[in-house]
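Undergrad: Chain residues, written in single-letter form:
2 protein chains.
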Amino acid sequence: MIDQLIEKIKKTKAPIVVGLDPMLEYVPKHIKTKAYARYGKTLEGAAEGIWQYNKKIIDAIYDLIPAVKPQIAMYEQFGIWGMQAYEKTISYCQKKGLIVIGDIKRGDIGSTSQAYATAHLGNVRIEDQEFSPFHEDFATVNPYLGIDGIKPFIDVCKKENKGLFILVKTSNPSSGDFQDQMLEDHRHLYELVGEKVAAWGMELMSGNYSDVGAVVGATYPEQGQALRKIMPKSYILVPGYGAQGGRGKDLIHFFNEDGLGAIVNSSRGIIAAYLQDSYSQYGPEHFEEASRAAVLAMISDINGALEAGI
Amino acid sequence: MIDQLIEKIKKTKAPIVVGLDPMLEYVPKHIKTKAYARYGKTLEGAAEGIWQYNKKIIDAIYDLIPAVKPQIAMYEQFGIWGMQAYEKTISYCQKKGLIVIGDIKRGDIGSTSQAYATAHLGNVRIEDQEFSPFHEDFATVNPYLGIDGIKPFIDVCKKENKGLFILVKTSNPSSGDFQDQMLEDHRHLYELVGEKVAAWGMELMSGNYSDVGAVVGATYPEQGQALRKIMPKSYILVPGYGAQGGRGKDLIHFFNEDGLGAIVNSSRGIIAAYLQDSYSQYGPEHFEEASRAAVLAMISDINGALEAGI
Chain A
0 MIDQLIEKIK
10 KTKAPIVVGL
20 DPMLEYVPKH
30 IKTKAYARYG
40 KTLEGAAEGI
50 WQYNKKIIDA
60 IYDLIPAVKP
70 QIAMYEQFGI
80 WGMQAYEKTI
90 SYCQKKGLIV
100 IGDIKRGDIG
110 STSQAYATAH
120 LGNVRIEDQE
130 FSPFHEDFAT
140 VNPYLGIDGI
150 KPFIDVCKKE
160 NKGLFILVKT
170 SNPSSGDFQD
180 QMLEDHRHLY
190 ELVGEKVAAW
200 GMELMSGNYS
210 DVGAVVGATY
220 PEQGQALRKI
230 MPKSYILVPG
240 YGAQGGRGKD
250 LIHFFNEDGL
260 GAIVNSSRGI
270 IAAYLQDSYS
280 QYGPEHFEEA
290 SRAAVLAMIS
300 DINGALEAGI
Chain B
0 MIDQLIEKIK
10 KTKAPIVVGL
20 DPMLEYVPKH
30 IKTKAYARYG
40 KTLEGAAEGI
50 WQYNKKIIDA
60 IYDLIPAVKP
70 QIAMYEQFGI
80 WGMQAYEKTI
90 SYCQKKGLIV
100 IGDIKRGDIG
110 STSQAYATAH
120 LGNVRIEDQE
130 FSPFHEDFAT
140 VNPYLGIDGI
150 KPFIDVCKKE
160 NKGLFILVKT
170 SNPSSGDFQD
180 QMLEDHRHLY
190 ELVGEKVAAW
200 GMELMSGNYS
210 DVGAVVGATY
220 PEQGQALRKI
230 MPKSYILVPG
240 YGAQGGRGKD
250 LIHFFNEDGL
260 GAIVNSSRGI
270 IAAYLQDSYS
280 QYGPEHFEEA
290 SRAAVLAMIS
300 DINGALEAGI
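In order, the protein sequences belong to chains A and B.
Residues 0 to 309 (numbering that gives the first Met the number 0) make up the first sequence, in order.
Residues 0 to 309 (numbering that gives the first Met the number 0) make up the second sequence, in order.
These aren't lab readings, by the way, just hints derived from the structure by calculation.
One thing to keep in mind: the hints can contain errors.
Which bits of chain B does chain A cover? Going by a derived footprint, with three or more residues having C-beta under 8 Å, they are [unchecked claim]: (1) 12–26; (2) 39–50; (3) 67–75; (4) 135–147; (5) 169–182; (6) 188–196.
Listed below are the simulated BS3-like cross-link pairs for lysine-lysine, each with C-alpha atoms no more than 27 Å apart in a straight line [as the list claims (entries may be wrong)]: (7) K158(A) to K40(B); (8) K87(B) to K87(A); (9) K228(B) to K248(B); (10) K40(B) to K232(B); (11) K7(B) to K87(B); (12) K40(A) to K54(B); (13) K10(A) to K248(A); (14) K95(A) to K28(A); (15) K94(B) to K12(B); (16) K33(A) to K55(A); (17) K87(B) to K40(A); (18) K232(A) to K7(A); (19) K10(A) to K228(A); (20) K228(A) to K150(A); (21) K94(B) to K87(A).
Built from N, CA and C at the ideal position, the CB exists for glycine as well.
Full structure from sequences and hints, please.
TA: What follows is the structure, encoded as structure tokens:
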């Protein structure tokens, strides 16, 4: 699966992924009004609103980017209807040719992890038929439970040609609470997790890179540089660009010398671009055009930094 | 919320929780046949099957126990319909007077963690109305992202009188991959996480215990003993009893001297008791009676160990 992502990154010349993390407050009034008129001011109405909002954004940007990363929490908060909007968003993106990274951060053990892997990357068997409930192409996974939690995901990835991004060093201010702990052998915990990701990924190579990637926040460029070396074959999914403070020039060390190896996520900065001063001229009526402009600016920022830096 | 759980534990004299983690293979044929006849051999049919299976079990055991712990992964694998069965199970258990611990192991950062907390423990506002999508009473949470990931859950718990169980030392064989790492200051990572859980819990005391509890596996009694001392005010949710290998006598050190402080989970051992040799006389037609017998045996095993040990 990583080879398909790389192909799309090369084709679009855009090592970026757009985070589809809709908050109800981002959805312009004209979309919400229509959704509420049809389904009421209910979970169903809200879910319809975020789905229509996503659809407009996807239509406006799909030709520029290789992938999207819907954040399932933003859908889960609208219950069953939200989960339906999540699945519809995934289907729609895939129809538009986009690779979908489900930002689900699941992680459990044994048969439970297997159930998550099945739900998101695999097929569940019901008597003589198989169904793929959420059918993302990649999923993010939490490593706290160790290899027992990861192995079922790796097995499904092998079988179904899917991929993972395992949390290594997250972008948030307190990611250091545990991830930065110095171990007795003078490695940080995130370095150990990175080493494990590199090792686990060896059995899932697809071309020069592994289907087992890692999440490392843009907000930690030094750690990114160290982890890039620890996991040379792992693609790094880099959140924290834009709204969380990361900029293009902070990102060059997340990439390998082949210009590959990282894909940078922006969520709010793209999908809610029309709420920023710099894109306010579009107004809520043309929010999707603001998103397109923000995607173009992000591609230019990152490619500019890469050209200057590598 | 922990005071309500303690009250129910005292009333039932049963420091146990039944894990509602239905696998399709556990569901007896007569239930599946009926579900498929109505909804087809589909995700909807499978979800109906696990819901009817749960309902029978709950009807048979609700008067014996204080709480249930549905494992959301087992429902998520049946997509939207599975999530609906999850919510129906929660509602039904709450109507029966049971406390519901959502085993969701979510964990993310900032607004995303807030969305999860809202989905599972809180209320989402849609214009002038509020909805509580999954309305569990407690949720399990993954700490890998640090306090940023936990704080939104704590805030929702404060507001809505709910509780958490934070993963500290999980029951699986490879839980040591990261959790057992020895830190530079000669503590294990799980000890540090336990200290943080204790500290985070101080602001959510409800009686002698905190609404912020911890997950520590029955399969690690020594670590359980150490963590019991590190987190004296935190209730410990103990998975790994029965099918995973833990027994009553391994569990006494998870409890405090007041006989409280721990609640032991069994899933497969209860809900699929009829598949075990020792309960095979019930047969698939009376699976729920096998579950009741298994609950009684578990209560007796644990109370026996507690009486002998404390």
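Undergrad: A separate judgement is required for each hint: does it hold in the structure or not?
TA: Checked hints:
1. 12–26: holds (count 3)
2. 39–50: Contact hint for the region 39–50 of chain B vs chain A: holds, 5 residues under 8 Å.
3. 67–75: holds (count 4)
4. 135–147: Per the Cβ count (7), the hint holds.
5. 169–182: holds (count 13)
6. 188–196: That given contact holds, which follows from 4 residues of the region 188–196 of chain B lying within Cβ reach (below 8 Å) of chain A.
7. K158(A) to K40(B): holds (23 Å)
8. K87(B) to K87(A): Answer holds: K87(B) to K87(A) is near 23 Å, not above 27 Å.
9. K228(B) to K248(B): Holds, because 18 Å separates the two Cα atoms, which is no more than 27 Å.
10. K40(B) to K232(B): Outside the cut-off at roughly 48 Å; violated.
11. K7(B) to K87(B): This hinted pair holds, its Cα atoms lying about 22 Å apart.
12. K40(A) to K54(B): violated (31 Å)
13. K10(A) to K248(A): This hinted pair holds, its Cα atoms lying about 23 Å apart.
14. K95(A) to K28(A): Holds, because 26 Å separates the two Cα atoms, which is no more than 27 Å.
15. K94(B) to K12(B): Measuring from Cα to Cα gives roughly 20 Å; hence the hint holds.
16. K33(A) to K55(A): holds (14 Å)
17. K87(B) to K40(A): holds (22 Å)
18. K232(A) to K7(A): holds (18 Å)
19. K10(A) to K228(A): Judged against 27 Å, a Cα distance of about 26 Å means the pair holds.
20. K228(A) to K150(A): holds (24 Å)
21. K94(B) to K87(A): violated (32 Å)
The structure shown violates the earlier hints numbered 10, 12 and 21.
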